[in-house]
Structures are given as structure tokens and as C-alpha cells.
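Just so you know, the protein sequences line up as chains A and B, in that order. Under the working numbering, the residue at position 84 of the first sequence is numbered 109, and the numbers go up by one with no gaps. Under the working numbering, the residue at position 316 of the second sequence is numbered 417, and the numbers go up by one with no gaps.
Everything labelled a hint here was simulated from the structure, so no lab data went into it. Keep in mind that the hints are not guaranteed to be accurate.
[Unchecked claim] Only pairs whose alpha carbons sit at most 20 Å apart, straight line, appear in this in silico DMTMM-like list of lysine to aspartate or glutamate:
hint, chain 1, residue 1, chain 2, residue 2
1, A, LYS182, A, GLU196
2, A, LYS160, B, GLU464
3, B, LYS190, B, ASP166
4, A, LYS160, A, GLU196
5, A, LYS160, B, GLU466
6, A, LYS160, B, ASP401
7, B, LYS190, B, GLU172
8, A, LYS160, A, GLU93
9, B, LYS379, B, GLU445
[To be verified] Quick list of simulated restraints, FRET-style, between CB atoms:
hint, chain 1, residue 1, chain 2, residue 2, range
10, B, GLY365, A, GLN100, 26 to 34 Å
11, A, ASP81, B, ALA417, 19 to 27 Å
12, A, GLU86, B, GLY460, 28 to 36 Å
13, A, GLN145, B, ARG159, 55 to 63 Å
14, B, ALA417, A, GLY80, 27 to 35 Å
15, A, GLY80, B, TRP333, 54 to 62 Å
16, A, GLY89, B, ALA364, 46 to 54 Å
17, B, GLU456, A, ASP164, 22 to 30 Å
18, A, ARG65, B, ARG453, 55 to 63 Å
19, B, GLN392, A, ALA143, 44 to 52 Å
20, B, GLY460, A, SER202, 41 to 49 Å
21, B, ARG418, A, LYS137, 50 to 58 Å
Here a beta-carbon is modelled for each residue, glycine too, at the ideal position from N, C-alpha and C.
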Amino acid sequence: MSRAYRIRVRESLQRLIRGSDRVGTELELLAILPADQLARLLAVELERQGFDQEGDRHVREFQGVRVEIDATRGQVEVISETQEDLNLSDERRERVYDRRTASRELREQMRKELEQQADQRESELQQQATDRLEKSLRDLRPLLDRAVNRVTAEALKIKAAQLGEIKEMVEDDESGSLTIVLEV
Amino acid sequence: MHGDAVEFETDQTARPAIHRPRVEVTPFEDRLLRLLTGMLRGTAESQMAALAGQRVSRPKCLHRDAVRLIENRLSRGVVALLCRAGGWKTERFLRGGAPRGGSLWERTTIGELRLEFSRHALELLMWMTASDLTADRRPPRQSAATAVTTADQLLYLIACHALRHSAATRLLFRRAPFCRDGLFQLMFPDALAAESWPKSLEFDRWLSEPGSSFLECLQSLLAQRWVDIETWKAEQWDWSRVQEIGHRQERVLEAFLDAVHQAGRRDLSGFVLEAAGKLLSDGSTTYNLPQSPPGSRLIDRAALYRGRLAFLHQFARLRRWEREARNSAFYDEDYQASQFWLSEWERRGGTRLCERAAGILREWEPFGE
């Protein structure tokens, strides 16, 4: 007569999981001045908006995402990253007749289930990164537009001064309009 | 056993019957002639596909009478096709930097419109007749001893266009050296999207006579092809395929616009505005923002949006051309060509189309308002 055994199997999974997303765009700067001058004006404006220079880029944290701007090329990249140290474990007890085979199979099954849980959690992290990125873009766009408008206004003032004598200059911050009267 | 083939008139108006001696051809030759006639006359694709979908043994050579019939059919049929495609229209294109109006034969002297077919044309027809284009695996390599002429390339384009929806295209579209041609890539970016990008893409033969005149005739055909591709993309859920095709579209259109700009023939890109006129018309839903695949990342969505909008991304270049043309002074060499470009731009509503394209790009942009 076969004998039944009671087995206890414990399986665990440790993994560092990450979720990330990114999106890029270009700032539309009118070529009022040479590219290098525009780049300098943009750099000044970005620093005014709280960006720090790191190498050839200006960066800042904004609503949980990282914004990187290459002032020379006018390229913007927004990066959302998140990570988590995942620790999963499971323990089961079963009554079996073939201890060795049953242990192996049960362990294998538990490992697959833990892997599935880890994958599921990774997808959730990924979605969180994407949601955070999407949400931040809604507020980031106006901020970048304001930066572009200010750079354009400064560039226009410099260009006007090169063309002639500025007789009058009226700037309306609310409407974003700029009126320059020149004597050429 | 021989099949009989009788020459027929392409002109369908009632005329006194012309009696010609009966010509005997072999079944292979008859099949070839039917395939050729179908290509040139726009026979239903199903019939064409049936002809192209059977393997038959290929003779060592063709009879003289059959060759004469092929020559005759080519010379009349290709001319008739070009006329039907657009040669008959009274249009304006540049000649020597200045616009010239009229039909194809009014704009260009007959001498410049010579169709010179080489052995490549006959080889192509024999290969198409003998092969099962739906089942054979590899296209045979073409000998490089004889150069492919513009007429040969045009015939290949006609063949591929006639069979473009059938399974026969799988093999046809990979036949070297034809498939490396720039206009061919421009005409079928969807069919060629999965193939590797050619080492060199040449548009030269289509930017000088007679190729440029042929390209003028094919403007509406090209426009319709691009409309068909964009419409197809709008209905697809296989986003990776859309991305693949969009990437190919962007590359080939950019290369083409570079080539025509360098050659001083921006007028040959008129099909872009013609296609845009249909795609961006009031009420068009081609570029309605689609629902994003669930759980997709923004970076992936941006990549596949780029595939969907590949065509519209080129409008920034056309807008630059418009600005350059406006800045051209009367003493500049390209003044007449610039003025002509502007008149065509305004005739086709270029500014309105560009603004609409820009609006769509902004709406789809992840940073959208």
C-alpha cells in the first residue's frame, strides 16, 4: 500500500522592477536671430524658470517627471521613471504520494505564479509612469510656450535695436503682445 | 498547337474594318500578349492575377511575328496609357525654367518622348508569363550587361500597378534592378515597407526627358496611390505595420522632394498637394485621432502616430518652398519657376492645406492642447 506524504513548499521572488515612459518635442523658435544667440536667450529664460544646466542640457523636475532641454537644438525630452523593489513569497502544503516529483512540480508552478504577479506589478508601474507623464504634459506645455514667447520677445527687441532706433516699446504681459516703434 | 492572335485597333470609334493577315503565335506567346494587353488596358485585376498565377514552361525564344506584335502593343499601348493617365490634360509644367501649358505632346516635342525598350522589357514579360508569381520564391537575377531604359522602368511600374492588390506582387516587387528605382519606391511605399532600403535611390531618369514628361502624366496616379495608402492606414489596427509603412513613406518622399528641389523641378511634386486636397478636405475623417491601444506608453504612441502622419510631416518642407518662392526677386534665375510654383500653390489651396496639416499634427502631438 502506497504511503502519502505531507510536503511543504516555499518559494520567493525578489526583483527590481521599473516602469518608464518618455516623449519628445521641439520648441518652435522663429529664426529672428542667429541660432547661437537664440540658444543663449533660451538658456537664460530656462534658468529663470528653474532649470539647472547639466552639461549641454537644462534639466528640472516637474510634477514627478524629469524635463531635459537642449537649448542649442530646441529639443525637449520629458522622462517619467519609477521603480520598486519587489519581494514576493508563497508557501503551500500538500499531501502527495511521490514527494520528489510533486515537490518539483509544485515549486515550478509557484514560481510561474510569482513571475506572473511580478509581470502584473511591472505593468502597473509602467501605467503609473505613463499616467504621470501624460498629466504633467498638460501643465508643461503652457510653461514651455511662455518660455518660447519670452525668448521671441527678447529676440525681437535685439533685432529691432540692430535695425534702427527704438522710439517706443509697449509690452503687455497679459495678452503677450509686444509693440515696437522703430526709426530706421 | 498554336493560338491565334489578331491585331486590334486601340481606337474604338467606328471606322472601316482594316484587314490584316492572321498571325499565328504559340500558347506561351498568346499568354504573354494577353498579359501585356491586360496591363496596358487596365483589365480587371482578378483576370490579370489568374494569368500571372500559373507556371508555364518558357521557350528558348519567341517567333518573329510574336515579337512584332509585342513591339506594336508596347508602342501603342504605353502611349495610350500615358495619355489616359494624364497626358491628355491641359496642364502647365516647367520647361527650361519657365512654365509651358498644353497637353503632353504640346508641352514636349515628339522627338523627346521616345520610348526605347531594351531586352529587359522582353525579359520581364517572358519572366512574368512563365512564373507563378503567387507561389514562386525568388525572383531571377537580371543581367547587368544592358542598362535598364526609362521605358523598361515604366513598363515595370505599369505591371506592378496592374497587379498591386494580388498575391502576385510579392515576387514582382522584389525584382532587381527595377525595384531600386526612386519612382517605383514612391509609387509603392506600402508594398516595399518590409524590404530593406535600397543602397541608392535614384530619381535622375524621372527628372529629365523623357522620364520627366512621363512623371507629369503620372501625377494623378501617384496622388491616388498616396490617398489610398493614407486611407488604408486610417482603418488599420496593426500599428506595427502602419509604423513600418509610415517610416518608408517619410524616407522616400523626403528623398523625392530633395531630388526635385535640386533639379529645379518642384512642379513635379504637385501630386502631394493633389493628394492632400482629397485627404484634408472638409468632412474627411482620415486623420481623426484614434483610440490609443490600452496600456500603451506615450513613446510607443508617438512612434506609431508618426507612422500615421508621415505624409503630413512633409508639409513643413512645402511651406518653406512657398516662403522661398515669395522671397525670390525678379532678377533671380529661378524667378519664373518660383512664380509658377506660387501660382500652383495658390491654385491648389496650399496655404489652407498646410494649416490644416499643422493643426492635425498639433492635435496628435502628445504635448497637445
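- Task: Could you tell me which of the hints above the structure violates, numbers in ascending order?
- Result: 3, 4, 7, 15, 18, 19 and 20
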